[in-house]
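Peer 1: The chain contents come next:
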Amino acid sequence: MEKKKVGAVLVVGGGVAGVQASLDLADSGFKVYLIDQGPSIGGVMAQLDKTFPTNDCSMCILSPKLVATGRHPNISILTNAEITGLSGEAGNFEVKLRKRSRYIIEEKCNGCGLCAQKCPIEAVDMYNEGLAQRSAIYVDYPQAVPLKYKIDREKCIGCGTCYEICKAKAIEYEQKDSEVTLNVGSIILAPGFEAFDAKQKSEYGYGRYLNVVTSIEFERILSASGPYGGLVLRPSDGEIPKKIAFIQCVGSRDFQLGNPYCSAACCMYGMKEAVIAKEHTPSKLDATIFYMDLRAYGKEFDDYCNRAKEEWGIRFVRSRVAGVTEDTLTGNLHVHYVENETPKTEEYDMVILSIGMTPPKNIDKLAKILDIELNKYNFCETKHFSPLETSKQGIFVCGAFSAPKDIPESVAQASGAAAKAMSIIAPERGKLVTVKEYPPERDVSKEEPRIGVFVCHCGINIGGVVNVPEVVEYAKSLPNVAYAEANLYTCSQDTQKLIREKIEQHKLNRVVVASCTPRTHEPLFKETVQEAGLNPYLFEMTNIRDQCSWVHMHEPKEATEKAKDLVRSIVAKATLLKPLQKPVINVTQVGLIIGGGVSGMIAALELAKQGFEVHLVEREKELGGNLRKIHYLLENEDPQEKLNNLVRAVEGNKRIHVYLGAEVADVTGFVGNFKSKIALHDGEEKEVEHGIVIVATGATEYKPTEYLYGKNPKVITQHELEEKIANGRFKAKNVAMIQCVGARNEERPNCARICCGQAIKNALKIKEISPETEVYVLYKDLRAYGFKEDYYREAATKGVLFINYDDDRKPQVTSEPGKLKLLFWEPILKEEIELEPDFVVLSAATIPNPDNKRVAEMLKVPLTKDGFFLEAHMKLRPLDFATEGVFLCGMAHSPKYIDESISQACGAAARATTILSKSTLEMEGIVANVDEDLCSGCRICEYLCPYNAIEIKEKEGKPVAHVIEALCKGCGACGTACPTKAITMGHFTTEEILAQVKAALMEEATA
Amino acid sequence: MSKNNGFKPKIIGFLCNWCSYAGADLAGVSRIQYPPNIRIIRVMCSGRIDPAFILEAFKDGADGVLVAGCHLPSDCHYLTGNFKASRRVALLRKVLKEFGIEPERVRLEWVSASEGDRFAAIVRDMVEQIRKLGPSPLKNMEAKA
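Here the protein sequences line up with chains G and X, keeping their order. Start counting the first sequence at 1; every next residue gets the next number (my numbering). Start counting the second sequence at 10001; every next residue gets the next number (my numbering).
Hints may be right or wrong, so weigh each one.
Derived Cβ-Cβ restraints for the label pairs, each shown as a range [as the list claims (entries may be wrong)]: (1) G/N378 - X/R10031: 40 to 46 Å; (2) G/E172 - X/R10087: 25 to 31 Å; (3) X/A10052 - G/E951: 22 to 28 Å; (4) X/F10099 - G/E448: 32 to 38 Å; (5) X/R10087 - G/K365: 53 to 59 Å; (6) G/V338 - X/R10087: 47 to 53 Å.
Some chain G residues well away from chain X (every beta-carbon gap over 12 Å; in silico) [stated by the list, open to error]: (7) K278; (8) K557; (9) K958.
Honestly, the hints are just simulated from the structure, not real lab data. Since the model is a prediction, treat every value here as computed from it, not as a measurement. Note that CB positions come from ideal geometry on N, CA and C, so glycine has one too.
My request is simple: use the sequences and hints to build the entire structure.
Peer 2: If you want it as structure tokens, here you go:
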């Protein structure tokens, strides 16, 4: 008998991938256990300063996700935990965990940090990569989630200082490790990677020379919260460097070392670090990057690369550095390398090693427990057509553990793995989650404001500087304040009960808390007032800790005055607060997918597996898209067999409605409530209602105009060569391939990503069927990233000749009657070579679907300047559009391999499921409101809104702005610009803000 | 006795919730000290800041106003709010003189969530600068009137 399925998922690893997977699962009605070996979640991304290619601050974009994870009612975070045993099967696993002790009672610790301030012991701070010190009782970093301290028992001397000072009584020196057993339906592995140990490359002197640092150490050096406050300083003497060098491929593409694969992200992060270092250095800084191939293959990465060269003046040298030696007097470093066959040496103040990714530590042990296969490099074994599945049913993988990759790809995979993990337990959706019930809301509209003010001591964090009793007394004297009191910790569980009691006792109808930051604590207090029957928007908070007591520690009098000003100011705002209703909208639990290639089909199947109906619209007369043209892969799988299976699965699925030869002609509505017209092949039109849209319109092969393509039949594209080979019509003595045709040029500056792999694939196939055929590949940078490097090496070993060219010396193709001639420069022989190839094969770029523009306008979503669709955020929202309810995947996003399209397609389905799994959506209450009498219909707000949340409607003969509450994010840009002041921003009204300003500036009568 | 003696500048800081307010929090978490002259008002986005708010603040007695948001070009949580703030403050500067307010009293800065240090430095610098400028001319006018 089949065991009962369980509606819970275990996510292993709390880096950005694990966090994304957890959020998608929890938002789709599943219970999530998120475990991490360390004391907090966040992973490597929490250590980064900036992220490429937008130079966004890493912590700024990650931290809100961490907070959301920490607060999610359906996510339980188990830290310091590792898996010790697994039994059961897909749908119903039993997982045993060991949870190492923190020596802190997690429920009691409120993260105030007093213990760490007073701890007399110094230990090495590994969050700062050993470049700084921390105390023996610590959190990894200030924004850590969960914000619970931990005692490093190896360093702790047991002096009892923390025990004495902890007002929350959270210290427990004798705490023991514990065993936990979890029952889950599926498992997602997101353990990330281990940074390469640079000491293994002893020729670069890491560990011996102080000024040789790793790229991750350099991230900390660059970070404003790092050891040097964001200034680039040399570790040896604290001097500002004038010349720095980056050495790429340290621990990657290194056969002797046993790491022959490419780590996929280092070229970009090396460039980014060089750019940021220049930005952070007040004086002139020269930065040189020593590289083998510049692998800027991702979306708009070449744009970044070009700016690095031209705007920021980063110097690039194509050379594998032989070694680094130190000038012992100055601490400067000599970088030895070979360029143009000539040995050279250059002196630098600092050398940064761009270290690669290796499998997570002790991964073989975990693999054994879980019974999953690892590949030859100890990364997780996956297949090209099932990139998210491990060898064991019910266990899925995402992020760097399946292959080295960057953040957006990890995030897309994380969502994809969430889809996979959900689909096997779909019927159990909603069974194990908690839905919070609140008492009915009290109507306060007729009441005069009665404000309760709660001032937090935060142990002594606030109370040690600010005179809290004085602030409380002052608060009592303010107009409309009906009650005020001080709390040791306003955030503690017992205070929540107390606040509820006081609301009732004193008939409070507004609540103000003066404590720490609303960014972490506002949701908790809002919940508390809601539990007491108040509208959650009748709550406000002011920050007298992070922005007062902690920054004016030596000025208690001024800090107290400031705290009073802040309380007066927030009370003035609170007086004007109005209850806001969270708009609730119905959701049509049906999906619409535009495009029936591999991405569209996979997304449709995934949504169907979740139990949703799907309309799949394909313009061609058959499903399959570009996959129809692919006959073999580098990886040993048969694409045409896979395609046939996919088409059969889609066409045989009752929940999927396929429209062939059809086109989406019109889309109206918004998230949860779209209405679309599908123009059918017979000229008829069908109207469908749906809750989400997935854009999977794919891309197409560029038709070259270069190199005599179309003029000489022997000049063909890679797809045409593949067709010939597949049909058994290929015969040639020699073949020359030219890379980057229609890509990385003036018109299209970015890389088309897949052509290097295509060339290697076809070259290997030629060598397989006709070993004596000569194959030349003329390339600019051979971008065989990740494990594709293996095939590059294989091709080179089998005699495929890879010859580098640059834009100054492009190959030339000429034709004479009966003859095709190719002329190119051989950089090693340093001479021009002339060939008479049987075929010149052009690696033509993958370019956007020409229909993208129409689709983008119809959906009101943006395109990149290259013409691909532009996602909401390049790093952390790769599959979402800024417009809620619209998603993207596959080559509509940018060129990519099949496995990458599949990951994204599954991911888009998971993102869509966070909406489709609910029959109604509750939106944020802070939205814009239009006073229709005042509105002049000028359309400024409509133009300014970045979310298309404002539309102009005809009302009684005049145009009037209308806010689609479901789309409004509450930024307030519209309200600010409205010339007739017809728009009010909920919770941040002009009156509220101005009252706050006025009160803050009021001269105190007593002062 | 110079009239600026004992002058404690009052600064209103409009900070966006996502980057700059977080940066100010980090200054606190890192215990970076700065003068207690700023009163921070949290808004969701720097794009919410109406130039009129800044003028009102001066009318109410502010000696300086700081508007801080997410770094250009792409840190903004609401995609383009920082650009909007930047345009509005630029426009405001042009008219400030008309009101008799030195444009240096208004500062627009980009502060990320990891720039606690930078936030503190901006406040220090601004307090110093406004101390040099002296009390807001609007205040003097009111005092005279």
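Peer 1: State for each hint whether it applies.
Peer 2: Here's how the hints hold up against the structure:
no.: 1; hint: G/N378 - X/R10031: 40 to 46 Å; verdict: 43 Å, holds
no.: 2; hint: G/E172 - X/R10087: 25 to 31 Å; verdict: 55 Å, violated
no.: 3; hint: X/A10052 - G/E951: 22 to 28 Å; verdict: 27 Å, holds
no.: 4; hint: X/F10099 - G/E448: 32 to 38 Å; verdict: 37 Å, holds
no.: 5; hint: X/R10087 - G/K365: 53 to 59 Å; verdict: 57 Å, holds
no.: 6; hint: G/V338 - X/R10087: 47 to 53 Å; verdict: 52 Å, holds
no.: 7; hint: K278; verdict: 16 Å, holds
no.: 8; hint: K557; verdict: 9 Å, violated
no.: 9; hint: K958; verdict: 25 Å, holds
Of the hints listed earlier, those the structure fails to meet are numbers 2, 8, in rising order.
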